[in-house]
Amino acid sequence: MELDPSAVQLLSEDGTFTEHPDYPLGLSDADIIGLYRRLILVRRADVEAINLQRQGYLKLWGPVFGQEAAQVGSAAALQPGDRAFPQGRQFGVGLTVGIDPAEMLSVWRGEIQGGGWSVEASGIALYTFPIGSQAPHAVGYGMALRRDQKNAAVIAYLGDGAFGTGDVHESLLWSALYKSPVVFFCENNQYALSNPVERSAPLPLYRRSEGFGLPGVQVDGNDVLGCYAVTARAARRARAGEGPTLVEALTYRIGPHTTSDDPDRYRKADEVATWRLRDPIIRMRDFVLGAGLVTRSDLDAIDQEAEVCATAVRAACVADPPPVQPEQIFDHVYGTRPQHLEAERRAWLAFNEETQATS
Amino acid sequence: MELDPSAVQLLSEDGTFTEHPDYPLGLSDADIIGLYRRLILVRRADVEAINLQRQGYLKLWGPVFGQEAAQVGSAAALQPGDRAFPQGRQFGVGLTVGIDPAEMLSVWRGEIQGGGWSVEASGIALYTFPIGSQAPHAVGYGMALRRDQKNAAVIAYLGDGAFGTGDVHESLLWSALYKSPVVFFCENNQYALSNPVERSAPLPLYRRSEGFGLPGVQVDGNDVLGCYAVTARAARRARAGEGPTLVEALTYRIGPHTTSDDPDRYRKADEVATWRLRDPIIRMRDFVLGAGLVTRSDLDAIDQEAEVCATAVRAACVADPPPVQPEQIFDHVYGTRPQHLEAERRAWLAFNEETQATS
Amino acid sequence: MTTFVTALNAALSDSMKADPRVLLMGEDVGDLGGVFRVTDGLIAQFGEDRVLNTPISESTLVGAAVGLAMGGYRPVVEMQFDSFVYPAFAQITWHLSRFRYRSRGQQTMPVVIRVPYGGNIGAAEHHSDSPEAYFIPTPGLKVFTPSTPSQGYALLREAIEDDDPVIFFEPKHDYWVKEECELAQREPDAPGARIAGQGSDLTLVGYGPTVKLCLAVREYFAQEGVSIEVLDLFKLNPLEINMLVGSVTRTGRMVVVHEAPVFGGFGGELVARVAGDCFAALKAPPLRVGAMSTPYPAAALEHEYLPGMDRIVDAVDTSLRYGVTT
Amino acid sequence: MTTFVTALNAALSDSMKADPRVLLMGEDVGDLGGVFRVTDGLIAQFGEDRVLNTPISESTLVGAAVGLAMGGYRPVVEMQFDSFVYPAFAQITWHLSRFRYRSRGQQTMPVVIRVPYGGNIGAAEHHSDSPEAYFIPTPGLKVFTPSTPSQGYALLREAIEDDDPVIFFEPKHDYWVKEECELAQREPDAPGARIAGQGSDLTLVGYGPTVKLCLAVREYFAQEGVSIEVLDLFKLNPLEINMLVGSVTRTGRMVVVHEAPVFGGFGGELVARVAGDCFAALKAPPLRVGAMSTPYPAAALEHEYLPGMDRIVDAVDTSLRYGVTT
Ligand SMILES: Cc1ncc(C[n+]2csc(CCOP(=O)(O)OP(=O)(O)O)c2C)c(N)n1
Ligand SMILES: Cc1ncc(C[n+]2csc(CCOP(=O)(O)OP(=O)(O)O)c2C)c(N)n1
Ligand SMILES: [Mg+2]
Ligand SMILES: [Mg+2]
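Protein sequences, first through last, are from chains A, B, C and D.
So the first sequence is numbered by our numbering: it starts at 1 and just counts up by one.
So the second sequence is numbered by our numbering: it starts at 1001 and just counts up by one.
So the third sequence is numbered by our numbering: it starts at 2001 and just counts up by one.
So the fourth sequence is numbered by our numbering: it starts at 3001 and just counts up by one.
One or more of the hints may lead you astray.
Derived coverage of chain C by chain B (criterion: at least 3 residues anywhere in the stretch with Cβ under 8 Å from a Cβ of chain B; other residues may be distant) [what the hints assert, rightly or not]:
| hint | segment |
| --- | --- |
| 1 | 2205-2213 |
| 2 | 2298-2305 |
| 3 | 2310-2319 |
Coverage of chain A stretches by chain C, computed from C-beta distances (three or more under 8 Å per stretch; other residues unrestricted) [claimed, not checked]:
| hint | segment |
| --- | --- |
| 4 | 138-152 |
| 5 | 254-260 |
| 6 | 338-350 |
With a straight-line cut-off of 20 Å between C-alpha atoms, the simulated EDC-like cross-links for lysine to aspartate or glutamate are [as the list claims (entries may be wrong)]:
| hint | chain 1 | residue 1 | chain 2 | residue 2 |
| --- | --- | --- | --- | --- |
| 7 | A | K59 | D | E3302 |
| 8 | B | K1179 | B | E1210 |
| 9 | A | K179 | C | D2049 |
| 10 | D | K3212 | D | E3180 |
| 11 | B | K1268 | B | E1198 |
| 12 | D | K3283 | C | D2277 |
| 13 | A | K268 | D | E3304 |
| 14 | C | K2212 | C | E2304 |
| 15 | C | K2283 | C | E2304 |
| 16 | C | K2283 | D | D3277 |
| 17 | A | K59 | A | D320 |
| 18 | B | K1059 | B | E1210 |
| 19 | A | K59 | D | E3304 |
| 20 | B | K1179 | A | D320 |
| 21 | B | K1150 | D | D3049 |
Derived from the structure by calculation, the hints contain no laboratory data.
Beta carbons: idealized from backbone N, C-alpha and C, even for Gly.
Work out the full structure, taking the sequences as your base and the hints as a guide.
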């Protein structure tokens, strides 16, 4: 799938920057370097996670490889008070806002459900594995923000596959009706597991919102500056009470769906090769170097920082997991434990004591 | 809500007929008179049903009053082999294809579930009370027709309220992807029970299909000729394998949602008065008379026929209901009755025998 | 005299007055006041900002309530009829019920889903279901169902004040039942059941719409000198097991009555509890009386289909006569 | 040697060969062959026309299958994981299960919904549920679950040939379990349960993934001279009540094991049946062993959460020792 003629692109494949009249970038040099730095961190941490999974330290991993610009660019547009609702692949979003990568990996280590970070502190809601089902949460949360006149925005990350679900469409409708300040950010990586987007969407996805009365815009999802500028504008609109926007970032999932996947079964190597050439990081490096924002040694320093980050991620994951406290199974089901659950807990404790006594 | 400037109208409020370049009517005089006749029958039978409900012969009734043109016009476009999927208000659709009105009322008498007519013989599927949920059935049935190369069309009747549901949106998507020969016929009567369409749809509903890659068209729902022509074209397209269409027929529900409803709670009398003036029957009468297709005595004869029909409906409904055979509760749950159900049936029979013996 | 509808309406109104974060959402809950008028007058009183008349999108109705709860609100959602909660099943089961657990206590879910349920009103298809068995098994979700107007008032207020999500089943057949009562809140730690009538020979367990039937059966047997204890379970999850077990241990006999079909119904859980915890005390097999295990039939057949007094009396008789040779 | 996956794959392939009206539909069932490879190779064999790789729209996946069935097809639908069937709950409960009834036999619904279910695979949230209790109460719907590859083959073929809708739960933890077996169809009137191991002291009831555990427990007790009968319920609805009641009447003791949480689980129905129909024969309270009545926890905790051999042995012990003073 190729970009729509109307798509926004600030940074072309060869690293040339062009202003867009409707989507001003408005970033300082330091900000731009910051975006590059995050791309590198995300790429490196993601590679580390893939390796960690191969080595058995993670149960599963859903790689970000290729989608860094979409995640970093959009998340960089978040401001304090905003809230993002990820699906399951938005590792780069969490890293961009500064969540400790180890906290995002604990789910994949099988240690906890949902997520290991503070939602309030980070502004990033927990993972949502049932596809599309976070969209109504985003709309409702946005309704709350609007009622409280918080002038904050919500961003709902949705895969291309999520546009098959009823929930996403009901949410588009509700967001328009209640002017919920949501940016629906479609990370179109062209596959929903094995299903190519051509098989799930008759038209480019940004157009899906038209009939609901929401503006839709497509952006080059491998252009971190474009993703930033388009999301920032949609978020400004949302914060100003002007309503929701659908943003489609067209990118590509270079890696497998997850580490359990075998993409060779359903897609051609040359397609992947084509998209490797459109790597979001290469063009950004060409740009920051070419524009003289950084020197090669600055880049080396960033690579070095990424190594440090990866080492820390590895250390956190290969460390013995915190001792399992099976009793916590019984906690946080309800505010007060019901009689049947308390009975199960007691029986379980008694049983464990007995087993220990006899062994 | 007023018609969109793009809306198709063949017959204006004052009964003037204008050809539409894209929607040729292609009906003989006899066909046109037939449409008028059906409008009258439906109006009269509907009034009778309202009365029957008031008098306690029906448990509930959902009046068609005001929507006759949308139902008659669209249903007249059906051909043998086509299939319609009604919601719950499509009495006029059934009457148009010739279902015995009493068979459509037996549900409202509380005698049976689903519908009292033969689906195969009539081409009309059973009522579907959960809003929007028949849309996927229509899509799937259309997929079957297409696989069997039947060159037939499916029409899914959907209220304006149905466009709040996920099912309808998933169905729009699937119909486009699988080229299912469906005409989504939105009978926009401007209310979903008490909710005005302005509160449920940010844009005219015919536009909802755009982002899914389906054509959408609005037609004056009080213009029976327009409804026929637009539906006929969409159905031809479907039969020819060219895919689905969304048709929005803008009409108005003059009566209450059902006989249990109290519309004065949520809408103004003057709005109703305005729409009464746009009565679909008056303009059609003006047209058929003005064009010299009928004489006044022809019209009287049709009115007379409608009286006969109403009398028959009344007779069928006031007649003692067929004796209840409680044992049928246990039939048609499964092909073979499971042990638990057979045990319940036996216990029930034994209990009834016992009760009869002691009484 | 208070009807169920006015009691519930008062509970909503009083809760909204007590806490500005309480919102109402649902189809036709605005100017119409809901098809059963439970929200009558509330939009006039509290405005469109707090009473949201929504499109027909039950999944997002619950999903948006989840989001509003994340934003600090306490949404009370109305489903128009029992079976129309089904499109929200995924949002309820995936999300609403689990947030406290998956966030390890970070995020509570103070959402109430009101569902008019049950039959016996001559309604069309899909308007008479008793779907409690679809929700009771879900950990993290509470399931309440009142049997009288005053209980309805107290229980709904409690549900709204609860930080856990509650699915609140209202016996729609009894919406217009009248009671001479005062509407008052209870202790927040009100148990989940009450002895609606004491007795010693058999425990008759009902909830929601079947409690009145159980009480009538109790009267009937009282005249024959048989003493029946009626237990009204107004919370199905969390279940007041201790009271149930205590009663059946005393009486030695149990009959459970619900409107849902017997097969797979909640009666199974209740019998299993009793069979496990009162085994030695049981004098007869615990019995279940419910609807037939078939889809809800047409109105003309619903009286045969639903458990009526006659079938309950028969089951009680069977239990009382068990082991007695005549 | 046949795995569960290859047995199910063969059942699909053979059914498609036997009847051109059989279609497969689901997410990733095409070139990928499904995430568990149950549909591996079928798109190559039967073409895109008969193996439909659908968007992520579970509600319409079932709804369109309803429509295809109306058009004379026999769709076999795959859900990717257990909890992803939830968006289809409304279509299943409102429609799929009811068409025979509401059309008074005019319209049957030969649709199979395949659902990989159960835990113990170290998966992320929402990928390990045992949702059978949400479907068993629905009249008109059948619920099957095989426990071995050869049973899986026969049962899936039967389900596809059945004119009634079947929700077919596949124990995903056992997908790669191997069995030396021949794949063959059974008699169409095969009962819904089998005695997987005879015994006389206690009836241990399992289904799907717990049958192997039950058999292991049987072995364990056999070495202690205790004779346990293992009942494998491969149909949960319709339930083979006669065999269950017969077995427990003989042994006088029952323990039910399922992976779903105990509270509100299907074990309640089984205990209630036995408490009702085997009352006089019962020597001990019928017991249930299942997951804790909490949401499915993180993988690190799932072994504590799920019923394991140790907890089953303990329950059997409790039952056997009941009333025996030591
Ligand atoms: C409701 C639901 N159905 C099916 C699945 C199984 N599943 C997990 S990821 C996935 C594909 C998602 O594709 P997309 O939305 O494009 O996100 P991506 O994985 O490409 O980031 C599917 C089908 C699911 N998680 N939820
Ligand atoms: C899923 C679902 N939710 C709620 C209802 C209750 N209900 C019955 S009719 C109706 C309004 C339907 O409006 P519309 O689709 O416009 O059809 P109309 O009645 O105007 O013909 C509602 C909300 C229902 N039947 N199904
Ligand atoms: Mg994708
Ligand atoms: Mg309407």
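Hints versus structure:
Using a Cβ-Cβ cut-off of 8 Å, 0 residues of the segment 2205-2213 of chain C lie near chain B, which falls short of the minimum of three, so the contact claim is violated. Residues of the segment 2298-2305 of chain C lying with their CB closer than 8 Å to a CB of chain B number 6, which satisfies the three-residue condition for coverage. Counting residues of the segment 2310-2319 of chain C whose C-beta lies closer than 8 Å to any C-beta of chain B gives 3; at least three are required, and the coverage claim holds. Restraint check on the segment 138-152 of chain A versus chain C: 10 residues with Cβ-Cβ distances below 8 Å, three needed, restraint holds.
Three residues within the 8 Å Cβ limit are the bar, and the segment 254-260 of chain A against chain C gives 0, so the coverage statement is violated. Counting residues of the segment 338-350 of chain A whose CB falls under 8 Å from any CB of chain C gives 5; the rule of at least 3 is met. Annotation: proposed proximity of K59/A to E3302/D holds, straight-line Cα distance about 14 Å (limit 20 Å). At most 20 Å may separate the alpha-carbon atoms for a hinted pair to count; K1179/B and E1210/B meet this at roughly 15 Å.
Among the hinted pairs, K179/A with D2049/C is consistent with the structure: their alpha-carbon atoms are about 13 Å apart, no more than 20 Å. Only pairs whose Cα atoms come within 20 Å are accepted, and K3212/D paired with E3180/D is accepted, the gap being roughly 15 Å. The straight-line distance between the Cα atoms of K1268/B and E1198/B is roughly 15 Å, inside the 20 Å bound, and the hint therefore holds. A distance of roughly 14 Å separates the Cα atoms of K3283/D and D2277/C; the hinted pair therefore holds under the 20 Å criterion.
Distance hint between K268/A and E3304/D is unfulfilled; the C-alpha atoms sit about 43 Å from each other, more than 20 Å. A distance of roughly 18 Å separates the Cα atoms of K2212/C and E2304/C; the hinted pair therefore holds under the 20 Å criterion. The suggested pairing of K2283/C with E2304/C is violated, with an alpha-carbon distance near 29 Å, which exceeds 20 Å. Proposed proximity of K2283/C and D3277/D is supported: the alpha carbons are some 14 Å apart, at most 20 Å.
For the hint pairing K59/A with D320/A, the CA-to-CA distance comes to about 14 Å; that is within 20 Å, so the pair holds. Distance restraint check for K1059/B and E1210/B: the Cα-Cα separation of roughly 40 Å exceeds the 20 Å cut-off, and the hinted pair is therefore not satisfied. Among the hinted pairs, K59/A with E3304/D is consistent with the structure: their alpha-carbon atoms are about 18 Å apart, no more than 20 Å. Among the hinted pairs, K1179/B with D320/A is inconsistent with the structure: their alpha-carbon atoms are about 54 Å apart, more than 20 Å.
For a cut-off of 20 Å, the pair hint linking K1150/B to D3049/D stands: about 16 Å separates their Cα positions.
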